[in-house]
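Participant: Each chain is listed here by its residues.
Protein chains: 2
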Amino acid sequence: MTKEFFTATPINEVLALISRFTPVGTRSLPAAESCGRILAEDIVSGINIPGFARATMDGYALRAAATYGASESNPAFLEIIGNVGMGKAPIQKIGHGQAVRIATGGMLPEGADGVVMMEHSSELDETALEIYKSVAPGTNVVAADEDIATGRKVLCSGSRIRPQEMGLMAALGRMEITVFKKPVIGIISTGDELVDISQTPEPGKIRDVNTYSLAGCVTREGGKPRIYGIVADHLDSLTETCARAVNETDMILISGGSSVGTRDLTVDVIKSLPESQILVHGIPIRPGKPTILAKAGQKAIWGLPGQIASAMIVFDRIVAPFVRQISGDALSYRQYNRIQAVLTRNLPSVQGRTDYIRTRLLEIEDKYYAEPVLGPSGLIRTLIEADGLIEIDTNTEGLEKGESVTVILMR
Amino acid sequence: MTKEFFTATPINEVLALISRFTPVGTRSLPAAESCGRILAEDIVSGINIPGFARATMDGYALRAAATYGASESNPAFLEIIGNVGMGKAPIQKIGHGQAVRIATGGMLPEGADGVVMMEHSSELDETALEIYKSVAPGTNVVAADEDIATGRKVLCSGSRIRPQEMGLMAALGRMEITVFKKPVIGIISTGDELVDISQTPEPGKIRDVNTYSLAGCVTREGGKPRIYGIVADHLDSLTETCARAVNETDMILISGGSSVGTRDLTVDVIKSLPESQILVHGIPIRPGKPTILAKAGQKAIWGLPGQIASAMIVFDRIVAPFVRQISGDALSYRQYNRIQAVLTRNLPSVQGRTDYIRTRLLEIEDKYYAEPVLGPSGLIRTLIEADGLIEIDTNTEGLEKGESVTVILMR
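Going down the list, the protein sequences come from chains F and L. For the first sequence, the working numbering gives the first residue as 7, with consecutive numbering after it. For the second sequence, the working numbering gives the first residue as 7, with consecutive numbering after it.
No lab work stands behind these hints, which were simulated from the structure alone. One or more hints might be untrue.
Treat identical chains as interchangeable: a pair holds within one or across any two.
[Unchecked claim] DSSO-like, lysine-lysine: derived pairs with alpha carbons at most 30 Å apart: (1) Lys-301 with Lys-230; (2) Lys-230 with Lys-139; (3) Lys-139 with Lys-295; (4) Lys-139 with Lys-99; (5) Lys-407 with Lys-373; (6) Lys-94 with Lys-301; (7) Lys-94 with Lys-295; (8) Lys-373 with Lys-159; (9) Lys-159 with Lys-139.
So here's chain F without its partners, still in its complex pose (with noise of 0.2 Å):
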């Protein structure tokens, strides 16, 4: 056990971390633009949607009380004075004992206050109405602040617009809306051995995976990837391009440095950038133990393993809540992420860590079960077999196959 491991931040306090860091800011957007956007602002209505009063079936609209009582057996007779044209205000007040014609959206005329369905009616010729059912006021009807009544607070800000929030703003006429600004991530690699993926590895060197890895997942979460990509491991080079990256971008990734040399370069280049404060230095979980997080300014820099497995996964446990966290997403808790899976071979852990286990999801006949994808962080193929990740944490020694876990999705 290395003396790191006794230093290490536990997972609960890296994520209470998270309240130090802030939005990025705000932008103007089009509503029609702004699907799967934060919003940046409250929205109140400032109308009464629908407006006014609509029917919600074909049928007569008229005062119900003309109503009362009628059934097959003994109809309640109406006088049809009219129609109402869909999109036009009626013209016509609607006295007892008399209707008009409706259809489904149409504006109820003044005097009329509840609607009977064509089905529970007969036309004896133009103007004589049968009704074989009684309604109560407001049958059939929504009233004209019944959707949404004025100075309400239909949305805040912090919510993801889904197409429903889109309608809801066409409703209102919100032609343009705030939203937060997607954060630019900028993605620095490390590493003696790594290549420019448009090259051949020579023996010894391997194509620098990790930089379009951690694009995908930056681009998932709602930011904007910039990638600065290979950076030689040298004080100087990475000290100069993590600094460019702190003046250009709102939170820096810095990817490789599994060895113990590697990390002690990412903390001194760290440690000379104007303002900057180490936060954590190891985290007990597996795989993802040497993960740095400090604070340059008002920007986070992570120093994420090198081993692509390890580099995934702690950008999707501990990593993402920041990024959401700068992108305004308040609400991210509602994400709905994890399904209940029956465990398909025992899984041995320590106490005092949190794991990690890549898993694959299987549904056989409505069932969902979980089969853990073994391999070292290293493999890339791992990730790609794997739908999600088991966590076992930190006070439990292991689970048991045939057991109920939680399978984090890793889309």
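Please build the complex by placing chain L on the supplied structure of chain F, with the hints as guidance.
Facilitator: Positioned in the frame of chain F, the structure of chain L alone reads:
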């Protein structure tokens, strides 16, 4: 019960019609921009990954046989003959009793077949090494083809590209990949009561909410919405716009026409299009019964209900799988968009019909509760408050408070 109900097509038969439609085509895309897209080629690896045997720990590369029997009380003694530089092909050849210093990710020299962790060894001087633990061949080593072997099919056409798939493309050196094109989905709103969202509706009129909600739905499912705006409820204008949309898009959504007359109009318009065929006219679901599915040439045309909640629920449960089909999304069943929750009230239903109930999800002490959001299907608010849908299938008469129900998320 209207005549239409008897001619309705059961929901499973509607969904079986998906096979009549094919993906809209493929295109080449830089792999770095492919997050979330659907792969349109099988990916077979032309190389071994990592391509050489690598250390997975900081320590010493050696012949495992030289450590057999080693323990704290009886260490093995080896000669250190150098270091492996990160990213370098080692020049040393390891004989029995020899070792080189190696960092995680380093390339094993010829003759070495295992790595002893630094923690299980001690350097007596520059060249003398004590080993306290025996290792088997392959320990702390990833073999040259252990991640991916040459010739292995690593991804199938139809897969959705997640961040880890982007990493895999990087590892293979794939700069460009073939993905399915995003289908262009035309959106037409009909109804004389509708005004554009930029206008203030006069009495009897409402803003065109459906266009924007459906545009959001299309975006969410990976399509590109193309908005045709509001078309008057008349045969000529609707036919003209539909004919244009058939030429310009890959699928058409006509929303509106809650009333019987307008539904008949939509059918007449579709019948007048070249090579057209009505496939479905009515589905025994609620809301959404008057849904129409037709085909004009190879393109699907949908007649959706005008009520906003009906239109969105039909899109979510019926139309979306067709959008994914023409997007090439073969594996979309792996969406895991269902949550088990405890129902908070009784829900009546009738046999012979599938009901979709808008539902809020509450999380109380790690347990989910499903709280139905009731209200007419014309209310947008009910969708804003809902997190998902409860499906009450055709053979169920209703659900009881306290039952475990499945909530289909509406993201």
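Participant: Where does the structure disagree with the numbered hints, that is, which hint numbers, in rising order?
Facilitator: 2, 6 and 9
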